[in-house]
Amino acid sequence: MTLDTQAARQVQLLVVDPKGHLLLKRDESLDHWTPLGSALAHDDDYPAAAIRLLYADVGLVCPLGPLLRQRRQTDSAGQPFEERFFLVRCPDTQPPPHRSLQGTRLLAHGGGTAPRFAWWSLAQMQSAEQEAFSPSWLPELLASVLFSEMMMPTSAARL
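Numbering (the numbering used here), first residue to last: 21 to 179.
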């Protein structure tokens with residue numbers, strides 16, 4: 021009998037609105053804010069899972085942007101997993117009327133509570149405790165995304 025050494029795969033989404041705010045979620049059982057994320061099924065690919073996750077969790081339909089970061093780690097049980105963080109620029113951040121991205125919303129199935137969602141500005145993230153986010157480097161990643169976009173030349177600036 022052989023052990024399955026294939027790493028579990030997870031997709032994480034850095035959903036950024038036109039103002040540069042990052043959408044984060046917080047489950048009642050956790051003491052930190054996280055990006056939208058989910059484990060992938062065995063036969064799933066990252067882009068397809070990312071687009072499904074965005075719609076299933078918050079009802080948004082936005083194009084998937086570039087891969088920002090990839091990491092391979094081991095969980096507390098010693099099992100390897102691979103995470104890929106993708107940028108999602110959402111020009112329209114209004115979910116369908118039956119969804120809410122602020123505060124807590126009730127799940128339609130099971131009667132439990134769903135995660136809370138909130139849009140965070142870079143300044144808010146930088147002034148919060150480092151332990152407020154998982155992974156802790158989320159503010160730095162958002163800053164690098166926003167800074168790199170500011171540094172890109174516009175068509176008017178090109179010669």
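Bear in mind the hints are in silico, worked out from the structure with no lab data behind them. The structure presented is a predicted model; accordingly, all values stated were derived computationally and were not measured. Any given hint might turn out to be false.
DEER-style ranges, computed between Cβ atoms [what the hints assert, rightly or not]:
1) TRP157 / ASP47: 30 to 40 Å
2) SER141 / ASP51: 34 to 44 Å
3) ASP47 / ARG89: 14 to 24 Å
4) GLN93 / GLN150: 17 to 27 Å
5) PRO67 / GLN26: 32 to 42 Å
6) TRP157 / ASP95: 12 to 22 Å
Just so you know, even glycine gets a beta-carbon here, dropped at the ideal spot from N, CA and C.
Hints, verified against the model:
1. Distance hint check for TRP157 and ASP47: the Cβ-Cβ separation is about 20 Å, which falls outside the suggested range of 30 to 40 Å.
2. Under the hint 34 to 44 Å, the C-beta atoms of SER141 and ASP51, about 21 Å apart, miss the expected range.
3. Distance hint check: the CB atoms of ASP47 and ARG89 are about 22 Å apart, consistent with the given range 14 to 24 Å.
4. Restraint check, GLN93 to GLN150: a C-beta distance of roughly 18 Å satisfies the suggested window 17 to 27 Å.
5. Range check, PRO67 to GLN26: Cβ separation about 20 Å, and the 32 to 42 Å hint is violated.
6. For TRP157 and ASP95, the hinted distance range of 12 to 22 Å is satisfied, since their beta carbons lie about 18 Å from each other.
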